[in-house]
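Trainee: Sequence:
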Amino acid sequence: MNMKLRLLPVVLSVLVSATLLFGGYFAYRTLAMESPLQKVVSGISGVELVSMDLSGPDARMELKLAPGTNLREVYSKIQTEGRTTLGTKELKLKVVNDPSPRLEQWWSSALFEVAQAMETKQYAQIPKTLQAQGSDGIKASTEMDDKYVYVTLSDGTASKYVMLPRTPAKLGVWPNE
Numbered sequence: 001m002n003m004k005l006r007l008l009p010v011v012l013s014v015l016v017s018a019t020l021l022f023g024g025y026f027a028y029r030t031l032a033m034e035s036p037l038q039k040v041v042s043g044i045s046g047v048e049l050v051s052m053d054l055s056g057p058d059a060r061m062e063l064k065l066a067p068g069t070n071l072r073e074v075y076s077k078i079q080t081e082g083r084t085t086l087g088t089k090e091l092k093l094k095v096v097n098d099p100s101p102r103l104e105q106w107w108s109s110a111l112f113e114v115a116q117a118m119e120t121k122q123y124a125q126i127p128k129t130l131q132a133q134g135s136d137g138i139k140a141s142t143e144m145d146d147k148y149v150y151v152t153l154s155d156g157t158a159s160k161y162v163m164l165p166r167t168p169a170k171l172g173v174w175p176n177e
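Take the sequence shown: its letter number 40 is residue 40 in this note's numbering, and every next letter is one higher.
Please note: incorrect hints may appear among the correct ones.
[Said to hold, decoys possible] Result set (DSS-like, lysine-lysine): computed pairs, CA atoms no more than 27 Å apart in a straight line: (1) 139 to 121; (2) 128 to 139; (3) 92 to 147; (4) 89 to 128; (5) 147 to 121; (6) 94 to 139; (7) 39 to 92; (8) 147 to 128; (9) 160 to 121; (10) 94 to 121; (11) 128 to 160; (12) 64 to 94; (13) 94 to 39; (14) 77 to 64.
[To be verified] Per label pair, the in silico range of CB-to-CB distance: (15) 17 to 73: 45 to 51 Å; (16) 96 to 4: 55 to 61 Å; (17) 104 to 57: 29 to 35 Å; (18) 52 to 5: 42 to 48 Å.
Worth flagging that the hints you see were computed from the coordinates, not collected in a lab. Think of the CB as a built atom: it goes at the ideal place given N, C-alpha and C, for glycine as much as any other residue.
Sequences and hints are given; from them, build the entire structure.
Mentor: Structure representation (structure tokens):
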């Protein structure tokens, strides 16, 4: 019994199967995951979604925040309202605002003492350090929850937002980590 496979039906069935499989996967990611999270983010005033990556174990978002926006509240709102979509994924936010060179300089001069406070888990030292660093016109505010210490620096219309993980090994300050 000699069985000959015809090339056209085999190729067509592979193409149809692949299209259904991958098309269904991408439709699920778009409709069931990305779209609901985009709605949550767009519902928060002062927040603009720059990019989102839901592949992998983390849900990574890049956001642009208007001056005066509370980063802790933004994180909390996305975390709670997007809980069903996020599932077990860890939410990782990155703020992509363009801080002024003056803010960057100010932050780099305060970073050593802030990193030391994070490493020794003396979180109450962070606001004191930022106030002692003091500079004319630069305002610093800090908040904390069970995962992060949130630092907001503002200088007129320029802002810098920093989320410092409360797990010192994940701080990322040291080049050899």
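Trainee: Against each hint, give a clear statement of whether it holds in the structure.
Mentor: Checked hints:
1. For the proposed pair residue 139 and residue 121, the alpha carbon gap of about 23 Å is at most 27 Å, so the pair holds.
2. For the hint pairing residue 128 with residue 139, the CA-to-CA distance comes to about 13 Å; that is within 27 Å, so the pair holds.
3. Taking the CA atoms of residue 92 and residue 147, the gap is about 11 Å. The hint holds against a cut of 27 Å.
4. For the given pair, residue 89 sits about 34 Å from residue 128 by alpha-carbon distance, which is inconsistent with the 27 Å threshold.
5. Straight-line distance between C-alpha atoms of residue 147 and residue 121 comes to about 12 Å, which keeps the hinted pair within the 27 Å bound.
6. The suggested pairing of residue 94 with residue 139 holds, with an alpha-carbon distance near 21 Å, which does not exceed 27 Å.
7. As the CA atoms of residue 39 and residue 92 are separated by approximately 17 Å, the hinted pair is consistent with the 27 Å bound.
8. For a cut-off of 27 Å, the pair hint linking residue 147 to residue 128 stands: about 20 Å separates their Cα positions.
9. With a C-alpha separation of about 23 Å, the suggested pairing of residue 160 with residue 121 holds against the 27 Å cut-off.
10. Between residue 94 and residue 121 the alpha-carbon distance is near 23 Å, which keeps this suggested pair within the 27 Å criterion.
11. For the given pair, residue 128 sits about 18 Å from residue 160 by alpha-carbon distance, which is consistent with the 27 Å threshold.
12. Straight-line distance between C-alpha atoms of residue 64 and residue 94 comes to about 9 Å, which keeps the hinted pair within the 27 Å bound.
13. Proposed proximity of residue 94 and residue 39 is supported: the alpha carbons are some 18 Å apart, at most 27 Å.
14. A hinted pair counts as satisfied when its Cα atoms are at most 27 Å apart, and residue 77 with residue 64 qualifies at roughly 16 Å.
15. A C-beta distance of roughly 46 Å is found between residue 17 and residue 73, which places it inside the suggested range of 45 to 51 Å.
16. Checking the proposed 55 to 61 Å range against residue 96 and residue 4 shows it holds: the Cβ atoms sit about 59 Å from each other.
17. Taking 29 to 35 Å as the suggested C-beta distance range, the pair residue 104 and residue 57 conforms, at roughly 31 Å.
18. Separated by about 44 Å at the C-beta atoms, residue 52 and residue 5 satisfy the suggested range of 42 to 48 Å.
Hint compliance for this structure: hint 4 alone is broken.
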